[in-house]
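Residue numbers (our numbering), protein chains in the order written: chain H, 1 to 547; chain R, 1 to 283.
To be clear, the hints were calculated from the coordinates, so they are not data collected in a lab. The beta carbon of each residue, even a glycine, is placed where N, CA and C say it ideally should be. A couple of the hints might just be wrong.
Unchecked claim - A short, non-exhaustive set of chain H residues, derived as facing chain R with CB atoms under 7 Å: (1) Ala22; (2) Leu25; (3) Trp28; (4) Met57.
As the list claims (entries may be wrong) - Footprint (simulated), chain R over chain H, 3 or more residues, beta carbon under 8 Å: (5) 113 to 125; (6) 153 to 167; (7) 223 to 230; (8) 347 to 357; (9) 525 to 535.
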Amino acid sequence: MSAVIAEHDDHHADEHHDHGPAKGLLRWIITTNHKDIGTLYLLFALAMFFVGGSMAMVIRAELFEPGLQFVDPMFFNSMTTMHALVMVFGAVMPAFVGLANWQIPLMIGAKDMALPRMNNMSFWLLVAGVLLLASTLFMETGAPSAGWTFYPPLVLQPITVGTALPFAVFAVHLLGISSIMGAINIIATIFNMRAPSMKMMDMPLFVWTWLITAFLLIAVMPVFAGAVTMLLTDKFFHTSFFNAAGGGDPVLYQHIFWFFGHPEVYIMILPTFGVASTIIPVFARKPLFGYASMVWATGSIAFFSFIVWAHHMFTVGMPMAGELYFMYATMIIAVPTGVKVFNWTATMWKGAMTFETPMLFSIAFVVLFTMGGLTGLMMAIAPVDFQYHDTYFIVAHFHYTLVPASIFILMAAGYFWLPKWTGHMYNEKIGQLHFWLSAISVNILFFPQHFLGLAGMPRRIPDYAVQFADWNMISSIGGFIFGASQLLFLYIVIDTIKGGTGEKVTDEVWEDASKHSLEWTLPSPVPYHTWETPPMLVPTEHVLDSH
Amino acid sequence: MSTNTAYYIPHKATWPVIGTLGLVTMLAGFANYLNGSSIGPMFMVAGLVIFITMLVGWFTLQAKESESGMYSHEVGISYRMGMMWFIFSEIIFFAVFFGTLWYTRNLSVPWLGEGATKELLHSAYEATWPTNGPGNVGGKFEPMSAWGLPFLNTLILLSSGVTCTWAHHGLLAKNRDQLIKGLIATVSLGFLFVLFQAIEYHEAYTEMGLTLGSGVYGSTFFMLTGFHGFHVCVGAIILSVVLFRSWKGHFKPENHFAFEAAAWYWHFVDVVWLGLFVFVYLM
Ligand code: HEM
Ligand SMILES: [Cu+2]
Numbered sequence: 001m002s003a004v005i006a007e008h009d010d011h012h013a014d015e016h017h018d019h020g021p022a023k024g025l026l027r028w029i030i031t032t033n034h035k036d037i038g039t040l041y042l043l044f045a046l047a048m049f050f051v052g053g054s055m056a057m058v059i060r061a062e063l064f065e066p067g068l069q070f071v072d073p074m075f076f077n078s079m080t081t082m083h084a085l086v087m088v089f090g091a092v093m094p095a096f097v098g099l100a101n102w103q104i105p106l107m108i109g110a111k112d113m114a115l116p117r118m119n120n121m122s123f124w125l126l127v128a129g130v131l132l133l134a135s136t137l138f139m140e141t142g143a144p145s146a147g148w149t150f151y152p153p154l155v156l157q158p159i160t161v162g163t164a165l166p167f168a169v170f171a172v173h174l175l176g177i178s179s180i181m182g183a184i185n186i187i188a189t190i191f192n193m194r195a196p197s198m199k200m201m202d203m204p205l206f207v208w209t210w211l212i213t214a215f216l217l218i219a220v221m222p223v224f225a226g227a228v229t230m231l232l233t234d235k236f237f238h239t240s241f242f243n244a245a246g247g248g249d250p251v252l253y254q255h256i257f258w259f260f261g262h263p264e265v266y267i268m269i270l271p272t273f274g275v276a277s278t279i280i281p282v283f284a285r286k287p288l289f290g291y292a293s294m295v296w297a298t299g300s301i302a303f304f305s306f307i308v309w310a311h312h313m314f315t316v317g318m319p320m321a322g323e324l325y326f327m328y329a330t331m332i333i334a335v336p337t338g339v340k341v342f343n344w345t346a347t348m349w350k351g352a353m354t355f356e357t358p359m360l361f362s363i364a365f366v367v368l369f370t371m372g373g374l375t376g377l378m379m380a381i382a383p384v385d386f387q388y389h390d391t392y393f394i395v396a397h398f399h400y401t402l403v404p405a406s407i408f409i410l411m412a413a414g415y416f417w418l419p420k421w422t423g424h425m426y427n428e429k430i431g432q433l434h435f436w437l438s439a440i441s442v443n444i445l446f447f448p449q450h451f452l453g454l455a456g457m458p459r460r461i462p463d464y465a466v467q468f469a470d471w472n473m474i475s476s477i478g479g480f481i482f483g484a485s486q487l488l489f490l491y492i493v494i495d496t497i498k499g500g501t502g503e504k505v506t507d508e509v510w511e512d513a514s515k516h517s518l519e520w521t522l523p524s525p526v527p528y529h530t531w532e533t534p535p536m537l538v539p540t541e542h543v544l545d546s547h
Numbered sequence: 001m002s003t004n005t006a007y008y009i010p011h012k013a014t015w016p017v018i019g020t021l022g023l024v025t026m027l028a029g030f031a032n033y034l035n036g037s038s039i040g041p042m043f044m045v046a047g048l049v050i051f052i053t054m055l056v057g058w059f060t061l062q063a064k065e066s067e068s069g070m071y072s073h074e075v076g077i078s079y080r081m082g083m084m085w086f087i088f089s090e091i092i093f094f095a096v097f098f099g100t101l102w103y104t105r106n107l108s109v110p111w112l113g114e115g116a117t118k119e120l121l122h123s124a125y126e127a128t129w130p131t132n133g134p135g136n137v138g139g140k141f142e143p144m145s146a147w148g149l150p151f152l153n154t155l156i157l158l159s160s161g162v163t164c165t166w167a168h169h170g171l172l173a174k175n176r177d178q179l180i181k182g183l184i185a186t187v188s189l190g191f192l193f194v195l196f197q198a199i200e201y202h203e204a205y206t207e208m209g210l211t212l213g214s215g216v217y218g219s220t221f222f223m224l225t226g227f228h229g230f231h232v233c234v235g236a237i238i239l240s241v242v243l244f245r246s247w248k249g250h251f252k253p254e255n256h257f258a259f260e261a262a263a264w265y266w267h268f269v270d271v272v273w274l275g276l277f278v279f280v281y282l283m
């Protein structure tokens, strides 16, 4: 074995100068290192989180009181549209790709991603796509304002889209290519770069959930690209795909969009599940309960996500058989989702739990995500969805599944892995403050929206009837507190990178973490190059258990 | 354990950012052009030049690295996986347009011609395929027949699939002559296909009144065949590059990823055409 290593050193001795990062800013532009690229993705996502967040603040300020106070209605609609697009494609998805870049190679004993140059390109295409999209904000006719779903014929009207449509469409193309490249890279890395001693069923759940997410991405991003391409040709090249006068059908767009759109929401939640399944066992000091069932649940959620799309279209006018089919199919998803919630709870059951910030965020995730899942079940019932559809009830539903779920888990991941990546400990006091402020304000922000929706307040409007005034004001107050609290997270990230509490963290960082996953056996901070030789042993706890 | 050390990790890549720059310049230019701005085309051309420069530069680099033996067996597997899933994503992209055709023909057009829609909105409309809708969008047109050029093109693409495989056998048998002849035949057939398709389009526009604007029939017809034709062009260009490399003496029986990728892509384009021939032209 030592002979092999010596030979390897010889071979590379003359290229060694080539192995460190490039100097200065150029390092970040031309890097192929999975950790650098992961950092780029995460910082970009954090920046977009604040950009999208500011738009949300504009929305909540306008809705603070009935009547029009700050912005004109067109701009308001641009804000709801751009807020969603920026958060989905600029913040949540890139943040998870960033985590994948950092963690997957570390967790499976790979020395980098399988296709490093393409990895660099995925990131820059993301930036290019978001810039193209954001450029519409500065145009005379403004950013798109027909909603993030781009429904025709609304989105084809000059007033809702102005000059923005081609920019938005091409942005979607670039973001799609970026996501597909990222997904292909992840698949190739997981299949081809795993340490030889690690079987598929030894992989940490984060890796499993990302593998499945990557397949979802490859399968649905081209669908979205196709849909917006047809919008573009309908607008500029006289086609009639969505124009009934020419024999087309605007409802077709909705089918295509949601065939992408529903898997898309799982693209944002499956990696969330993966991170939660990684963090909870560490702080419960127990192996994950039901590892295999977690893998199967993830797979079946992904499978079902392809055959439930029209639950977004119950009111559009579907044949009765369609309504019934999509109603039952949607409800089935709650079963594997329930398996997951049960497993997280069972993992904590009788565990020797401690409540550091990552764990607090994870527990809040389990509770609050379940809320979002339950409202989802309510809306899955077609006849009652006739009342909920396009009201604030929907807004409450998906924000529960995205903010205290995906976003909370992204925060948890930050607190959990930043000490490993930087070698510095974050400030636990401020972390806990950030958690409590976020967890309380997020409920003040979104819980009242259920009431508003049930009482009939429609979504995507800048003004509303006076009977909705009280809950809207409360919701806005919650929103401002939530928004302001996130500045604490920004402070903590910067502070931790710069040195944090000054306390030197151990390689394990968290007690016995190395029993759960491989990255904790590496030094802290993680060196620029890792796993030049793959690890011989796979220290995941469920594996140790079964031996 | 030797797998990790042997796996080549390139450092400091400049082509990806350059490619991104080219692509975004091109698209921003196109978007400006669509909005009626006169500087759009300039940006499109500039972006295209940057993009092509990137393609040439990046692939030259890959070829050089491959020829100097830097790619281990494992690197080859990663490339193959990459190509495979890229083609998969392309299949899905085509599936969207095939799905559109299916939905339109079997669901939405019949719906236009039945029940209250028919009675109240356009009682004179015969909801039969091919159609340009109750609004007679784009005016009178003649649908494209399957026999004639499209059938000829089917034969051309199918034989190009055979010559491509024949070239591959030549490569594996170290028969350079067969490899090069096979590739020349494949590339020529590919471009011949494109030529015939151009003639077909010309006829459609000038003699049959069939355009992209001919209601939903024209939309689906040109979108499907157009995207396919674009893919044939790309495939033929890729194969030309492979031909050039073969002629320079690249590729070995145990190491010829670029050839394989090009061949996979070509067969994919081939199979999509069969789908088109059946669902767009025949049925
Ligand atoms: C048990 C699981 C779930 C069920 C049964 C469910 C069901 C539904 C239904 C029926 C709708 C359509 C409501 C309407 O427009 O009338 C909907 C909307 C939505 N859901 Fe879920 N959902 C579930 C989980 C999730 C998750 C995990 C996410 C995201 C991470 C999510 C994100 C969304 C979004 C973004 C929308 C609104 C899209 C829009 O119209 O803009 N859902 N959900
Ligand atoms: Cu859905």
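We went through each hint and held it up to the structure:
1. Ala22: Since the shortest Cβ distance to chain R is 6 Å, the answer is holds.
2. Leu25: 12 Å, violated
3. Trp28: Violated. Min distance 10 Å.
4. Met57: 29 Å, violated
5. 113 to 125: holds (count 9)
6. 153 to 167: holds (count 3)
7. 223 to 230: holds (count 5)
8. 347 to 357: violated (count 0)
9. 525 to 535: holds (count 4)
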